[in-house]
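K.L.:
Here is how the chains run, residue by residue.
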Amino acid sequence: MLRFFIRRLIVALLVAATVMVLAFIMTRLSGDLAISIAGPNATQTDIEAVRKAYGLDRPLVTQFFDWVGRASLGDLGESFFFKRRVSELIGERMPVTLTLGLTGLMIALVVSLPLGILAAVKENTAFDRLVQIVALLGQAMPSFWLGLLLMIVFGLQLGWLPISGTDSWQSYIMPGVVLAFSAIPALTRLTRAGMIQAMASDYIRTARAKGLSRASILLKHALRNAAIPVVAIAAVQLGFMLGGSIVIEQVFALHGVGFLAWESIAKNDFPVVQAVVLVLAVIYVGLTMLADLLNAVLDPRLRGA
Amino acid sequence: MTTLLEVEKLEVTFGRTAAVRGASLTVAAGETHCLVGESGCGKSVTALSVMNLLVRNAQRRAQRLAFQGQDLLKLSDRGMARLRGNAMAMIFQEPMTSLNPAYTIGSQMTEVLRRHKGASQRAATDRAADLLARVGITAPGMRLGQFPHQLSGGLRQRVMIAMALMCDPQLLIADEPTTALDVTVQAQILRLLAGLQRDLGLGLLLITHDLGIVARVATRVSVMYAGEVVESAPTAELFANPKHPYTQGLLRCVPVPGKIQRNQPLGAIPGTVPRVGPGFEGCAFRDRCDFADETCKHAIPTHHAGSAHDFLCRLPGTPVKALT
Amino acid sequence: MRRGWRNAGTWTGAIIVGIAAFCAIFAPLLVPHDPFAQDLGKRLLVPFWMEGTDPNHLLGTDQLGRDYLSRLIYGCRISMMIGCTVSLVSGLIGITLGVLGGFMGGRVDDVVLFAITTRLSLPVVLVALAVVGLLGSSMSLLMITLGLLLWERFAVVARSTTMQVRNLDFVAAAWCAGCSRFRILAGEVLPNIASHLVVVATLEIALAILLEAALSFLGLGVPPPLPSWGLMIAEAKDYMFFSAWVIVIPGVCLFVLVLGINLLGDGLRDMLGARSDT
Chain V
1 MLRFFIRRLI
11 VALLVAATVM
21 VLAFIMTRLS
31 GDLAISIAGP
41 NATQTDIEAV
51 RKAYGLDRPL
61 VTQFFDWVGR
71 ASLGDLGESF
81 FFKRRVSELI
91 GERMPVTLTL
101 GLTGLMIALV
111 VSLPLGILAA
121 VKENTAFDRL
131 VQIVALLGQA
141 MPSFWLGLLL
151 MIVFGLQLGW
161 LPISGTDSWQ
171 SYIMPGVVLA
181 FSAIPALTRL
191 TRAGMIQAMA
201 SDYIRTARAK
211 GLSRASILLK
221 HALRNAAIPV
231 VAIAAVQLGF
241 MLGGSIVIEQ
251 VFALHGVGFL
261 AWESIAKNDF
271 PVVQAVVLVL
281 AVIYVGLTML
291 ADLLNAVLDP
301 RLRGA
Chain P
306 MTTLLEVEKL
316 EVTFGRTAAV
326 RGASLTVAAG
336 ETHCLVGESG
346 CGKSVTALSV
356 MNLLVRNAQR
366 RAQRLAFQGQ
376 DLLKLSDRGM
386 ARLRGNAMAM
396 IFQEPMTSLN
406 PAYTIGSQMT
416 EVLRRHKGAS
426 QRAATDRAAD
436 LLARVGITAP
446 GMRLGQFPHQ
456 LSGGLRQRVM
466 IAMALMCDPQ
476 LLIADEPTTA
486 LDVTVQAQIL
496 RLLAGLQRDL
506 GLGLLLITHD
516 LGIVARVATR
526 VSVMYAGEVV
536 ESAPTAELFA
546 NPKHPYTQGL
556 LRCVPVPGKI
566 QRNQPLGAIP
576 GTVPRVGPGF
586 EGCAFRDRCD
596 FADETCKHAI
606 PTHHAGSAHD
616 FLCRLPGTPV
626 KALT
Chain Y
630 MRRGWRNAGT
640 WTGAIIVGIA
650 AFCAIFAPLL
660 VPHDPFAQDL
670 GKRLLVPFWM
680 EGTDPNHLLG
690 TDQLGRDYLS
700 RLIYGCRISM
710 MIGCTVSLVS
720 GLIGITLGVL
730 GGFMGGRVDD
740 VVLFAITTRL
750 SLPVVLVALA
760 VVGLLGSSMS
770 LLMITLGLLL
780 WERFAVVARS
790 TTMQVRNLDF
800 VAAAWCAGCS
810 RFRILAGEVL
820 PNIASHLVVV
830 ATLEIALAIL
840 LEAALSFLGL
850 GVPPPLPSWG
860 LMIAEAKDYM
870 FFSAWVIVIP
880 GVCLFVLVLG
890 INLLGDGLRD
900 MLGARSDT
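Residue numbers (the numbering used here), protein chains in the order written: chain V, 1 to 305; chain P, 306 to 629; chain Y, 630 to 907.
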């Protein structure tokens, strides 16, 4: 078990390292950054000054190792625009994005699990087909459009929910729902498939032969096994949500990490962009490791006893 | 002897396949009744339909299906659930997959007692440990905390047996409990079942395809072919005096050390088991029978040879082909 | 009965995709007006189901007086073009990686798996935005970027199906007969994994279309004045509280097109028997 995790950790570190390289390359793609930072009206001297000030005159390799070295220690550089440490900026915005992501995931689970279980119990009935249609619709829905529609209906016409900002917990409902929409189809399908498979298994026949209650058979015995892959995928979906939150945060004006990245791209503030890509990638890798851990916790067979 | 289980003319259909077309048997307390037949003859389905554990699209009909006098056909699913695991219990063929991999042995055993008798966790755990020891498992306390994947097939089957006994059932149905186990383990499990039955006075309905097992443990035997019970008799009587051509054929297939000669071909029944639909009339064995004639295409009478020996054939007493 | 439903769904999807392809290919012939022609005197005319509509502009006009229907049709062309091109590019990358990894195994496979893991950990929308933001938006850049980012599903499916096929007997037979690796790959492996990959390609088109719409919505996708549906929604955002239809219509188009592609893809999966993985 331990060996397995050490191996995963090494892979995780390698992935983080590769992402660092990619993030670095990505921001250097436009050629001369000094020009973009200095702005359209800069003179040659201005550009040179900028180059010197941001260490852009050093060889690329030096710049890269400087970035890697500092990033590994937590120093993600300084924002050109905000004139503050990037790690501070990210730290400030992260709670918003995390709240958004977790809200989205919770809503998704609250919807998917019961729907998946019911669809499995009523397999091949009209209800089952309805659930599959809903899943299909959810997959086709453009998230930003859904966000705008919800805003119009619930924010403007019904006035129930705030349409922007993070003043209250209600501000997270609509964006959370939109995020959940992207995860619900996959989670519902997985729950349904897992439950169908579990219910057809021999140990469920044994449970029935023991005269256990229907609820116990379904929720205690079948779900416990069907949920194992679902929980793992849920962790990964959270990673996707955090990475994809940039669109939702923009639509609903939520000042999270995604919004920060968005602003920074517009301002060519590449230390921030670089750092956000790295942070999100590291979080994703961490979540996949968490998913593996959850798998091991839930499935005794994986504990290597 | 009190009759525990009465099955009369049980019929089970799945869509267009008639899995069971007329099974009748009884099991009494203290008796081991073996239901024997080849794969696909409907013996497992018979066992499952007694407990009503069939899949959703199965249709079950019978003239009578009663447990301790109570009509099981009229019982709701909830009423049936009160009996399952309680007064009647069942163990299955595949011990490797019949236990839930996510829960400990202990929790799977105690939940039955707590469900049916409202026992406390403490009392249930004690009983579970007792029963594990009873079925020959050492260090029962440790085993209770283990997970199914940590046990071998033979151990798991013992656990299944112990689990079935948690609520002191009167009837135990065992569906090919030793088929998936090694030969040496088979013998142990059979000895265990026989011993338990003796000590607890259980009625045991044992499904098997192995005549050797039948000879060893059965008090009474019912032979099934293509969904029907074609012969039913006390064990010794069946082996000494098989009346139905199929039974005779089966017994011929088993080589008996000492009786069989060198270069003597092993017995075999030519042909294969026919697929039978619900409207099938007559004897299903007629295409493979040496004594078949036109009347075998119509309804076959039940003959009685002796007080407890029934068989389904047009011939009142088929001449036995001697072992040549 | 499930088959029957699938068939209705598949046919619906096929029809939708057919219409979209038709619009995409014949756009210049279909549009009633030039989608780029502005007419500030005729701004925000309402579509035909509302009062005060202009019969010249069936679906009304946008905030710069451009005919809405024409822009929608051209938007369809843009979406289909981007979807298909991105699917092609990402398919080439993903299939190559997946087949190599699945076929060779060992170190090569380790590298391929590592590449997939790394790619999965990247926040795709963010990276695409960053690249476009730094290099300026253009159709070709967008298509290349998305193509370089969306190959993982191809790789995963190609790899797993190749591994399954590799172990089958007829591959071993070809190997014994002295066929070169390349011939085995082309002649034995590819035909057998093709059905799975067609399904993935279909679904990837849908994904690419959604992604492009999101990027264009954020202003870093297809450059204006090109009528990408996402861009149309973004441009209409300022007016959405007064004229809701301006954002509803392109959104509905997106939704219906993606739904159609997904239905077709699911139907293909059932028909080609490629049910092994999601």
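Wrong hints could be hidden among the right ones.
Said to hold, decoys possible - Using 20 Å as the maximum straight-line C-alpha spacing, the simulated EDC-like pairs for lysine to aspartate or glutamate come out as follows:
1) K220(V) with D382(P)
2) K866(Y) with E263(V)
3) K122(V) with D382(P)
Said to hold, decoys possible - Label-pair distances were calculated between CB atoms; the ranges are:
4) D202(V) with Q426(P): 37 to 45 Å
5) A520(P) with L130(V): 20 to 28 Å
6) E586(P) with A815(Y): 55 to 63 Å
What the hints assert, rightly or not - Only some residues are given here: those of chain V computed to face chain P with a beta carbon under 10 Å:
7) Q170
8) T206
9) I228
10) V231
11) D299
Since the hints were derived computationally from the structure, they do not count as laboratory data. Since the model is a prediction, treat every value here as computed from it, not as a measurement. A virtual CB, placed ideally from N, CA and C, is assigned to each residue, including glycine.
K.L.:
Hints first: check each against the structure and report whether it holds.
P.N.:
Okay, the hints, checked on the actual structure:
1. K220(V) with D382(P): Holds, at roughly 19 Å.
2. K866(Y) with E263(V): Answer holds: K866(Y) to E263(V) is near 19 Å, not above 20 Å.
3. K122(V) with D382(P): holds, 17 Å
4. D202(V) with Q426(P): 37 to 45 Å: With a Cβ separation near 26 Å, D202(V) and Q426(P) fall outside 37 to 45 Å, so the hint is violated.
5. A520(P) with L130(V): 20 to 28 Å: For A520(P) and L130(V) the Cβ distance comes to about 57 Å; the hint is violated.
6. E586(P) with A815(Y): 55 to 63 Å: holds, 59 Å
7. Q170: violated, 38 Å
8. T206: With a minimum Cβ separation of about 5 Å from chain P (threshold 10 Å), the hint on T206(V) holds.
9. I228: It holds, given that the least Cβ distance between I228(V) and chain P is near 8 Å, below 10 Å.
10. V231: At 12 Å from the nearest chain P Cβ, V231(V) fails the 10 Å test, so the hint is violated.
11. D299: Cβ of D299(V) sits 7 Å from chain P, so the hint holds.
Hint compliance for this structure: hints 4, 5, 7, 10 are broken, all remaining hints hold.
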